[in-house]
Every structure is written in C-alpha cells, then in structure tokens.
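**Q** Spelled out from the first residue to the last, the chains are:
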Amino acid sequence: MDKITLEVLRSGKKRTSYELKYRKGMTVLDALVEVREKQDSSLAYRHSCRMGICGSCGMNIQGVPRLACQTQVSTLGKETVKVEPLHGMRVIRDLVVDIDPFLTMHTSVKPYLIRENPSERDNSDREYRVLSEEVGRFLQFDFCIMCGLCYSACPTIALDPDYLGPQAIAQAYRYMADPRDEGWEERVELLDRPHGVWRCHVAGSCSFVCPKDVDPAKAIQLARVEVLKKRFLRKKPRAGSPLVSLVPVVAPKQGTKAPPFDFRKGEAK
Amino acid sequence: MAREHYSLMKESWSMLLTYVTALVLVFVLTIHLLLESPLTGLPLDATLSFGFATGNLIYFKVVFGLLLYAAVIHGISGLRVIALEWLHPRKRTWLLNLLAVALTGFFLALGTYTLVAVA
Amino acid sequence: MTKNPRFRSGLLASLVPFGFNVERWSYVLHRASGVILIGYLAAHLFETFQLSMGQGAWANTMATLHSLGPLEMVGLWIVAGSALYHGANGIRLVLNEMFGMLMGRPIMPVYPYSPTSLGRNQKLAVWATTAVVLVLWLWAGLYLLAGLGVV
Numbered sequence: 001m002d003k004i005t006l007e008v009l010r011s012g013k014k015r016t017s018y019e020l021k022y023r024k025g026m027t028v029l030d031a032l033v034e035v036r037e038k039q040d041s042s043l044a045y046r047h048s049c050r051m052g053i054c055g056s057c058g059m060n061i062q063g064v065p066r067l068a069c070q071t072q073v074s075t076l077g078k079e080t081v082k083v084e085p086l087h088g089m090r091v092i093r094d095l096v097v098d099i100d101p102f103l104t105m106h107t108s109v110k111p112y113l114i115r116e117n118p119s120e121r122d123n124s125d126r127e128y129r130v131l132s133e134e135v136g137r138f139l140q141f142d143f144c145i146m147c148g149l150c151y152s153a154c155p156t157i158a159l160d161p162d163y164l165g166p167q168a169i170a171q172a173y174r175y176m177a178d179p180r181d182e183g184w185e186e187r188v189e190l191l192d193r194p195h196g197v198w199r200c201h202v203a204g205s206c207s208f209v210c211p212k213d214v215d216p217a218k219a220i221q222l223a224r225v226e227v228l229k230k231r232f233l234r235k236k237p238r239a240g241s242p243l244v245s246l247v248p249v250v251a252p253k254q255g256t257k258a259p260p261f262d263f264r265k266g267e268a269k
Numbered sequence: 001m002a003r004e005h006y007s008l009m010k011e012s013w014s015m016l017l018t019y020v021t022a023l024v025l026v027f028v029l030t031i032h033l034l035l036e037s038p039l040t041g042l043p044l045d046a047t048l049s050f051g052f053a054t055g056n057l058i059y060f061k062v063v064f065g066l067l068l069y070a071a072v073i074h075g076i077s078g079l080r081v082i083a084l085e086w087l088h089p090r091k092r093t094w095l096l097n098l099l100a101v102a103l104t105g106f107f108l109a110l111g112t113y114t115l116v117a118v119a
Numbered sequence: 001m002t003k004n005p006r007f008r009s010g011l012l013a014s015l016v017p018f019g020f021n022v023e024r025w026s027y028v029l030h031r032a033s034g035v036i037l038i039g040y041l042a043a044h045l046f047e048t049f050q051l052s053m054g055q056g057a058w059a060n061t062m063a064t065l066h067s068l069g070p071l072e073m074v075g076l077w078i079v080a081g082s083a084l085y086h087g088a089n090g091i092r093l094v095l096n097e098m099f100g101m102l103m104g105r106p107i108m109p110v111y112p113y114s115p116t117s118l119g120r121n122q123k124l125a126v127w128a129t130t131a132v133v134l135v136l137w138l139w140a141g142l143y144l145l146a147g148l149g150v151v
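Residue numbers (my numbering), protein chains in the order written: chain A, 1 to 269; chain B, 1 to 119; chain C, 1 to 151.
Keep in mind that the hints are not guaranteed to be accurate.
Here are the simulated DSSO-like cross-link-like pairs (lysine-lysine), alpha carbons at most 30 Å apart as the crow flies [stated by the list, open to error]: (1) A:Lys229 x B:Lys61; (2) B:Lys61 x A:Lys110; (3) C:Lys123 x A:Lys14; (4) A:Lys82 x A:Lys13; (5) B:Lys61 x A:Lys236.
Cβ-to-Cβ under 7 Å is the rule here; a few derived chain B residues that face chain A [unchecked claim]: (6) Lys10; (7) Ser12; (8) Met15; (9) Tyr19; (10) Glu36; (11) Leu42; (12) Asp45; (13) His88.
Honestly, the hints are just simulated from the structure, not real lab data. No experiment lies behind these values; they were computed from the predicted model shown. Backbone N, C-alpha and C define an ideal beta-carbon position, used for all residues, glycine too.
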C-alpha cells in the first residue's frame, strides 16, 4: 500500500478526504497528526499519550469505536480509512465529542472506596490488607482508562441517553467486588433503577471494543447477580470482613534498617 | 443523570417477572405448538376448525391459562422496556408504567374471558 | 442556540450491528423478533376471542385470514421463526443475565486481548441456538407450506 485516503466526517456533517503516503507502522493517529501538520491545521481531534493509556483518542474508525493510536492502518485492510466522531455523543467540533454525560454517569456510581467509618482516612499510618485472590476478583475491571469506546458502542446508549452505560456499571461492580469497600448496598440501589443495570441486553459490543480487556459485559452480568442476591436472596453486605483489616505499618527506628515485610502474612518478621 | 421517581416496585422485580415468565413460556409454548399441529398428525387446516380449537381450550385450560398470563406479562414487560429506552420519559415514567399495567390488564381480561366463555 | 443532538443515536443507530460481534446481531434479532411477537400476540388474542362468539364468528375470522392467500402461511412462518429465535436466544440470555453464566471469571488481561464474555462458551451458545432455530424453522416451514399444497 503506497497511499491511503483518510476520509474524516468533520463535526458529523462534512466529509473531507486527505491523501497521505503510507508508512509502515502508521496508526490512524499518525495519519491525523500528519494531516494536521501538513495539510489542514484546522482539523480538531483529541490525543495525548499516543500509546493506548490515556484514552483520549477514541473515535469511530471504519464503523467501530477504536483508539486511533492503537489502530494500525494496515490492519484495517483498506486504502480508504473512514473516521467519524464517537457515536452516541454530541460533537463539539470535527472529531472532538462532549464526554460530560459519560463522566457524569461514571461519578454517579461513586467510583471510590466507601467505608462506614470515614475517620479511617485520617489514620494514614495504617493500610487495608487485600489478599491476592481477592484482588483477582476486581483487578480486570480496574484497568479501565475511561476512553468512552464501550459507551459509544453500546446500543442501549444509542437509544437511551439516561442509561448508566457499560463503563459506569463495570466500575460500580469493581468497587462492589473490592473487599475493602463497604458501599455494596448503596451501589446495589444505584444500579437497581429503570435506567440502571437492567437496561443491558448483552449485545457484548462494549467488551468487543474495549482496548484494555476490561470486559464490561462480564462486569455488568456479575453486577446483576449481586443485585438479584440482595433483592431475592436477601444477601447481607460484607461488613468489616475479618480479612479486611487495618495492618499497622512498622516504622523503623532512627538509624536502623526496616524489618523485612512478609506480604503473605502482612506482618513484620 | 435523570432523577428516579417513586415507583411501585424495584426494577429488579419487573425483570425477575420477565425472566420467570420467559422460562414458563418456553415450556408452555412448546406444548401449545405441539398440541395444535405436529403431534396431532392432522394437517393445519383441520387444526383450525372450530371444534378442534375449542376442544383444545376446554381440555387444556390450565396450559392455555399459563400461556396467556406468561405471554402477556412477558410481552408487555418487554414492550415497556423498549418504550422506556426509546422514549426515556423521565418525569413521566409513572405514566409509562401505568400504561403497561393497563395494557396487561386489558389483554389478560380479553384472554381470560375467552378461556372462561369457551366451555 | 442551535440544537446539537447526539451523533448517530436513536432507534435505527441502536439496531445497526455491522462491524460488531455476533452477539450484537443476536441482540438485534432478539429485539426484532420480540416486536413481531408482541404484534402477533395482540392479533392472536383478538382472533381466539372469536371462538367465544360462536362458530359463525370463527368461520368469518378464518375466511378473512384465508383471503390473504399465501401471505397467511408466510406470515405464520415468520412468526414461527420469531418465536423459535426469541425463545432459544432468550434461554441463553437468562443464563447470562440471571446467573452470570457463559461469561467467564474475572481474569488478568494478557495481550492479545480476548474478552471471556465473548469467548468460546458464549460463541458456542450463540451458534448452537442459531443452529437449533434454523432446523426447527425449516421444519415449521415445511409443515406450513404443506397447508399450501406446495409440499
């Protein structure tokens, strides 16, 4: 492939084509940067890290939401690359979309550790202990970079702007599965609403497009099971599970070496 | 995020009803279809005769009763979900729920009358 | 201030599965079959209501339906397919949604990524239900077409 044509739907209205010389390893973001530098400096798009960690460059490429920095032009298999703003969001300009509704849904599920005793935050010389098998229950969902691709891909979001969205529900489950969290009941109430967890119909597109394998579809179904357990099995929340305890951090005396810390036992030898 | 207004029951109850009626329907609808056609060994025209149709309703009243209630509840619940997503009525969600209940009542009444009247 | 609606949103946008995973196609078919079945349910309840009005009313109803000609059987065949698909796929969805089955467990993601919720078990369930539905639909079609004197 010598040349490629980048067809950008600017602001969701005007389709503008840019011809570029293809370079091996060229990503869609590389192409956009080249267009902006050499052909059209008015082209607006978001980008930052260019290595798939910030989540800024989400856009619709060949009909599917992807990260531009992670999408090699060669893998698309066509010489014409069609780029559009992310679907399901308002367009601010060119390829830049309004992600406020997405972020609002995220904050609405309280994506932080909730403890019954908030004064524990003030005791910074202590820490919560989490066993590695407990981490395994939520770590996958912790890799979310909030790129918005799942939100854009979700067919329910396309229809219902009040739906929480896969990212928010996945994050709600991430904290429900966290043994340190004591806000399980609160989150169940947030999810068990007309536009909450029940509006997912397992289309799976969120997991299909996720660049970090957070697998929000899985998190949503696991969250549903938690809601059903509360409502129908009358499951009680974990309250100060014995495994979740405050571990005193042993501070070394002046001029001495710190004793070795056994992570398995959580105690200084 | 839209404010959630008071409703008679949590959304999870509505969904549990949908799931339970779905499982009941799979079973009962299979019986219904088998009763109407293939198991009888009769051609389709014969199974649509007045005598055959009323006979089924009389002898398998329980099956048809279950089918009626499960189908109407499952169907209207699904329609309500589509309407909720498509129209996202927000402050008027109560109206949508009321319409759903009214439609369910209407079709259940219609079907129940048929079941009772055909004796 | 000009209205700025969400880009590519709405009913049609939600029903476009092109470029996505097979489970997205299942979602579209499940929704479409559900809508067909609701319409048929309403019509069928009114139709069977005629049984309570006597033999004459029933005969009129049947005559009206038969006047549609081959469309009657084609319509019934579409309804049969909808019921089969909606039921079979519905069982898969109940397993997914109510019990969290076929989703896999939380894992440590390793590149190249492959979400477990769209993994082997889920794909097996999707294609198995599709195969069963197609076979039964064909059988239903033959039965209905026999009524037309075609088979």
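**Q** So, for every hint listed, does it hold in this structure?
**A** Taking the hints in turn, this is what the structure says about them:
The suggested pairing of lysine 229 of chain A with lysine 61 of chain B is violated, with an alpha-carbon distance near 35 Å, which exceeds 30 Å. Taken as a hint, the lysine 61 of chain B and lysine 110 of chain A pair is broken in the structure, with Cα atoms around 51 Å apart against an allowance of 30 Å. For the hint pairing lysine 123 of chain C with lysine 14 of chain A, the CA-to-CA distance comes to about 39 Å; that exceeds 30 Å, so the pair is violated. Taken as a hint, the lysine 82 of chain A and lysine 13 of chain A pair is honoured in the structure, with Cα atoms around 13 Å apart against an allowance of 30 Å.
Taking the CA atoms of lysine 61 of chain B and lysine 236 of chain A, the gap is about 42 Å. The hint is violated against a cut of 30 Å. The interface hint given for lysine 10 of chain B is met, as the beta carbon of that residue sits about 5 Å from the closest beta carbon of chain A, less than 7 Å. The interface hint given for serine 12 of chain B holds, since its Cβ lies 5 Å from the closest Cβ of chain A, which is under the 7 Å cut-off. Because the beta carbon of methionine 15 of chain B sits about 5 Å from the nearest beta carbon in chain A, less than 7 Å, this interface hint is met.
The beta carbon of tyrosine 19 of chain B comes no nearer than 9 Å to any beta carbon in chain A, farther than 7 Å, and the hint placing it at the interface is violated. A hinted interface residue such as glutamate 36 of chain B counts as satisfied when its beta carbon comes closer than 7 Å to some beta carbon of chain A; here the least separation is about 30 Å, so the hint is violated. With a least beta-carbon distance of about 39 Å to chain A, the hint placing leucine 42 of chain B at the interface is violated under the 7 Å criterion. At a threshold of 7 Å, the smallest CB-CB gap from aspartate 45 of chain B to chain A is about 39 Å, leaving the interface hint violated.
Taken as an interface hint, histidine 88 of chain B checks out: its beta carbon lies about 5 Å from the nearest beta carbon of chain A, inside 7 Å.
In this structure, the earlier hints numbered 1, 2, 3, 5, 9, 10, 11 and 12 are contradicted, and the remaining ones agree with it.
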